[in-house]
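K.L.:
Using the sequences and the hints given, assemble the complete structure.
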Amino acid sequence: MPSISLFAASEKGLISIGPLDYGIIAIYFVVVLGIGIYLKKFAGTGEDFFMAGRKMTAWIAGLSFISANLSSLETMGWSAMAYQYGMLGAHAYLIGAIPAILFLAIVMMPFYYICKTHSVPGYLSLRYDNRAASLAGISFAMLTVLVSGASMFAMAKILHLLLEWDMNASIWVASLTVAIYVTLGGLVSAVLNEVLQFFLIWFGSLLIPILGLVHAGGWSGMVAKIQHNVPIIFADDPVTKNADFTSLWRSLGSFDTNPMGIDWFGMVFGLGLAVSFGYWCTDFLQVQRVIVAKNLRAAQNGTIIGAVLKICVPLIVTIPGLLGLAVLLNPDGSPLVLVGENDVRANITNHTFNDVLPLLMGKYLGPGLLGLGVTAMIAGFMSGMAGNVSAFATVWTYDVYRPLINRKASDHHYLTMGRWASLLGVLISIATAYALFYFSNILEFLQVLIFFFIVPLFGIVILGMMWKRATPTAGFVGFLTAIIASISMWVFVHTFPDGFRPAPKVVLGKDAVVTKFEAPGDARSEKKITRVIVESGSLETTNVPIAVEGEKAPVWSGDVTIKVEVTLPDRAAKGDRPEENVAVLAPEVTMAASKEMTKFGADAVPVVLKPGVKVHASDVQQTFVPGKFNAAHVKWIARSDKAKPMAVNMYSGFWTLLICVVTTIGVSLVTRPRPDAELKNLVMGLTPIPDEGPCPWYENPLLWAGLVGAVLIAINIIFF
Amino acid sequence: MESEHQVPIWFFVGFLLLIYGLLILGAGIYALQVPTDVQLNLKTSWPDAPWFFLHADVWWGAVMVVVGAGYCYRFHPWRPGETITGRSK
Numbered sequence: 001m002p003s004i005s006l007f008a009a010s011e012k013g014l015i016s017i018g019p020l021d022y023g024i025i026a027i028y029f030v031v032v033l034g035i036g037i038y039l040k041k042f043a044g045t046g047e048d049f050f051m052a053g054r055k056m057t058a059w060i061a062g063l064s065f066i067s068a069n070l071s072s073l074e075t076m077g078w079s080a081m082a083y084q085y086g087m088l089g090a091h092a093y094l095i096g097a098i099p100a101i102l103f104l105a106i107v108m109m110p111f112y113y114i115c116k117t118h119s120v121p122g123y124l125s126l127r128y129d130n131r132a133a134s135l136a137g138i139s140f141a142m143l144t145v146l147v148s149g150a151s152m153f154a155m156a157k158i159l160h161l162l163l164e165w166d167m168n169a170s171i172w173v174a175s176l177t178v179a180i181y182v183t184l185g186g187l188v189s190a191v192l193n194e195v196l197q198f199f200l201i202w203f204g205s206l207l208i209p210i211l212g213l214v215h216a217g218g219w220s221g222m223v224a225k226i227q228h229n230v231p232i233i234f235a236d237d238p239v240t241k242n243a244d245f246t247s248l249w250r251s252l253g254s255f256d257t258n259p260m261g262i263d264w265f266g267m268v269f270g271l272g273l274a275v276s277f278g279y280w281c282t283d284f285l286q287v288q289r290v291i292v293a294k295n296l297r298a299a300q301n302g303t304i305i306g307a308v309l310k311i312c313v314p315l316i317v318t319i320p321g322l323l324g325l326a327v328l329l330n331p332d333g334s335p336l337v338l339v340g341e342n343d344v345r346a347n348i349t350n351h352t353f354n355d356v357l358p359l360l361m362g363k364y365l366g367p368g369l370l371g372l373g374v375t376a377m378i379a380g381f382m383s384g385m386a387g388n389v390s391a392f393a394t395v396w397t398y399d400v401y402r403p404l405i406n407r408k409a410s411d412h413h414y415l416t417m418g419r420w421a422s423l424l425g426v427l428i429s430i431a432t433a434y435a436l437f438y439f440s441n442i443l444e445f446l447q448v449l450i451f452f453f454i455v456p457l458f459g460i461v462i463l464g465m466m467w468k469r470a471t472p473t474a475g476f477v478g479f480l481t482a483i484i485a486s487i488s489m490w491v492f493v494h495t496f497p498d499g500f501r502p503a504p505k506v507v508l509g510k511d512a513v514v515t516k517f518e519a520p521g522d523a524r525s526e527k528k529i530t531r532v533i534v535e536s537g538s539l540e541t542t543n544v545p546i547a548v549e550g551e552k553a554p555v556w557s558g559d560v561t562i563k564v565e566v567t568l569p570d571r572a573a574k575g576d577r578p579e580e581n582v583a584v585l586a587p588e589v590t591m592a593a594s595k596e597m598t599k600f601g602a603d604a605v606p607v608v609l610k611p612g613v614k615v616h617a618s619d620v621q622q623t624f625v626p627g628k629f630n631a632a633h634v635k636w637i638a639r640s641d642k643a644k645p646m647a648v649n650m651y652s653g654f655w656t657l658l659i660c661v662v663t664t665i666g667v668s669l670v671t672r673p674r675p676d677a678e679l680k681n682l683v684m685g686l687t688p689i690p691d692e693g694p695c696p697w698y699e700n701p702l703l704w705a706g707l708v709g710a711v712l713i714a715i716n717i718i719f720f
Numbered sequence: 721m722e723s724e725h726q727v728p729i730w731f732f733v734g735f736l737l738l739i740y741g742l743l744i745l746g747a748g749i750y751a752l753q754v755p756t757d758v759q760l761n762l763k764t765s766w767p768d769a770p771w772f773f774l775h776a777d778v779w780w781g782a783v784m785v786v787v788g789a790g791y792c793y794r795f796h797p798w799r800p801g802e803t804i805t806g807r808s809k
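Protein chains in written order, with this note's numbering: chain A, 1 to 720; chain B, 721 to 809.
Each hint should be verified, as a subset may be incorrect.
Unchecked claim - These stretches of chain B come out as covered by chain A in the derived footprint (C-beta under 8 Å, 3 or more residues):
#, region
1, 737 to 745
2, 760 to 770
3, 792 to 800
Simulated from the structure, these hints should not be mistaken for lab results.
Bear in mind that the values here come from a model prediction, so they are computed numbers and not experimental data.
All C-beta atoms, glycine included, are put in the ideal place defined by N, C-alpha and C.
P.N.:
Encoded structure:
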């Protein structure tokens with residue numbers, strides 16, 4: 001068929017793309033490089049390079065503001081959340097974003113804008129002194145490049161899983177492209193490319209919910225299918241299989257009535273207040289996008305445009321996650337079961353939650369459209385990196401290099417420093433990405449790292465703006481105390497004084513030859529493995545006792561060659577600890593009867609080892625595990641030992657903000673404030689709003705903020 | 721910033737959407753003759769699907785062409801007074 005030569009695609013990755021799709025991706029790279037090269041002539045001064053000349057319109061500021069946040073990790077991650085938690089995942093776009101964005105627009109923006117700061121640490125320097133500003137500047141500069149590298153690593157990994165692309169090539173091609181256009185055009189280039197990315201993301205993603213909803217029979221059809229499929233998909237989880245996946249608040253009465261393991265207090269005060277206001281109001285990457293607007297009104301309206309666009313994001317993120325529950329089916333019509341990354345079946349027999357969006361792309365998008373979808377994904381990652389690198393260049397040059405290293409250089413010197421800092425930022429990002437090849441568990445750590453600093457930063461910035469009595473010493477002490485408290489809480493919930501023992505598991509080697517026995521499934525359940533026999537080959541065990549012939553006690557660690565047939569237990573425990581299921585993972589083994597290669601994962605099944613099988617046994621116990629939460633400690637932070645990770649993070653954010661505010665107020669009362677004359681244009685009551693001429697109703701920020709607030713309330717009532 | 725002969729970012733947006741729209745529309749029209757795997761699979765799992773949804777690349781490509789062409793026309797760089805932000809001076 002002629003189509004084969006024109007649109008032929010590889011069959012190896014999760015999705016397959018052909019020449020037309022590759023062409024669409026290549027065009028994107030050419031255009032963004034072209035824009036970068038073209039914009040170089042518009043970045044001739046420090047103000048142009050670092051602040052985009054402060055000439056952005058409200059629309060550009062708004063689109064850039066929301067694009068900087070709409071990375072591919074965000075779209076894929078929150079689609080997975082919606083599959084896992086239902087509509088609760090949409091809170092990140094509603095109460096977890098809109099009130100904070102509107103607060104930034106109406107309350108905080110006048111202070112940021114009128115004092116003409118170039119960054120949030122810059123505001124701290126003006127309002128307090130260099131101690132808090134330097135702490136914020138150094139920590140922020142470090143975090144931006146680390147997060148940027150983590151994002152690059154995630155992109156390379158995802159493109160490898162989806163399309164089998166070489167990870168080195170993905171990292172270098174994307175990073176060098178970003179390096180070229182950010183080094184040449186600075187923030188102008190980053191911002192304008194984010195505008196381009198906004199359109200790509202929407203045109204590349206919106207078709208999936210449109211086709212999916214029509215396919216599912218509209219909203220009511222999708223809800224009916226979800227109600228039918230959820231008890232099958234989450235058959236092993238008693239809370240989730242009975243959960244309400246299509247409401248925002250009904251299941252938040254307590255921690256154990258919803259799959260997210262959070263209650264309404266954590267959602268409102270943790271996500272809605274501490275984390276959300278910290279991220280949207282003081283994360284410089286976000287704030288930088290709108291303080292570069294041409295005037296205060298444009299900065300405020302740009303932020304509100306960002307809120308309008310944010311409220312629409314669930315269309316391309318939450319709905320695809322819900323559609324995954326409704327329309328992803330096996331060939332026999334049963335629902336396709338996606339599992340968590342830690343599940344024994346993950347990436348062996350089952351796709352994971354994170355695959356929901358790519359699976360829908362593969363289901364609905366043909367040649368060209370698929371290329372557009374992948375381009376949107378790549379653009380999202382590159383835009384995130386560009387945003388971080390341009391923010392790094394600004395904060396490094398203005399908040400670290402200028403105040404601490406070279407105070408009196410020329411504008412041209414700082415501009416050159418900014419270009420080198422951009423390049424350095426990209427190189428550190430690449431180094432971070434490569435470090436993650438070997439220490440991928442750091443990724444989990446990096447994702448929460450930003451919250452250690454962002455929430456305390458909001459505490460001192462908002463007190464600085466609202467209360468002229470807040471003193472420089474209090475700002476620094478409050479900031480530092482809250483950071484230490486935040487890190488301490490994180491360490492506390494991940495510490496296991498009695499030792500944490502990873503769940504027992506058996507991993508069969510590639511040379512293993514096995515026989516497996518299965519019980520037939522029915523319409524309400526999948527086929528289940530009941531017993532595995534390892535005829536020959538090798539395997540590794542972790543925390544599994546082996547009753548070796550001739551040994552008095554079971555063997556937990558060391559290398560063992562089986563001499564007399566032995567059966568590994570389906571559940572295991574050491575000492576007086578509770579028993580846990582033994583997971584059996586077979587990523588690539590040979591079936592004894594057919595000699596065919598196969599892969600499977602099973603939970604709590606006996607594994608019989610025939611004589612001659614070689615076992616490498618490990619006995620692992622740790623006292624600090626960043627990936628696990630100690631329930632006994634969790635209840636002190638999140639009020640319940642039933643709280644799940646999301647709830648713990650939200651409650652930690654709430655306590656951090658409280659500690660920051662209380663400490664800053666307390667220290668302010670016993671230290672000397674700055675005189676009023678030095679706080680002009682920085683604090684409420686001392687900041688006159690400039691007259692920007694007559695304001696037509698359609699440019700009135702208060703009117704639009706009110707309307708967006710009303711829409712937010714309406715959505716919460718409709719989906720209560 | 722320089723202020724002469726500036727190409728607004730909206731023109732770049734329109735140009736890219738126009739090119740992509742033409743490519744996707746072209747692929748969609750071609751697939752009307754030779755259906756793609758995605759369309760064949762959809763037709764199997766969604767037998768009562770209207771033509772309109774099976775050939776989303778045709779109408780989605782057309783939408784992109786219209787939006788892209790609109791932006792290119794409205795923000796073309798030869799228009800007097802345009803800046804890179806699309807703001808008339």
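K.L.:
Now look at each hint and say whether the structure bears it out.
P.N.:
Hints, verified against the model:
1. 737 to 745: holds (count 5)
2. 760 to 770: As far as the region 760 to 770 of chain B goes, the hint holds, because 5 residues have Cβ atoms under 8 Å from chain A.
3. 792 to 800: violated (count 0)
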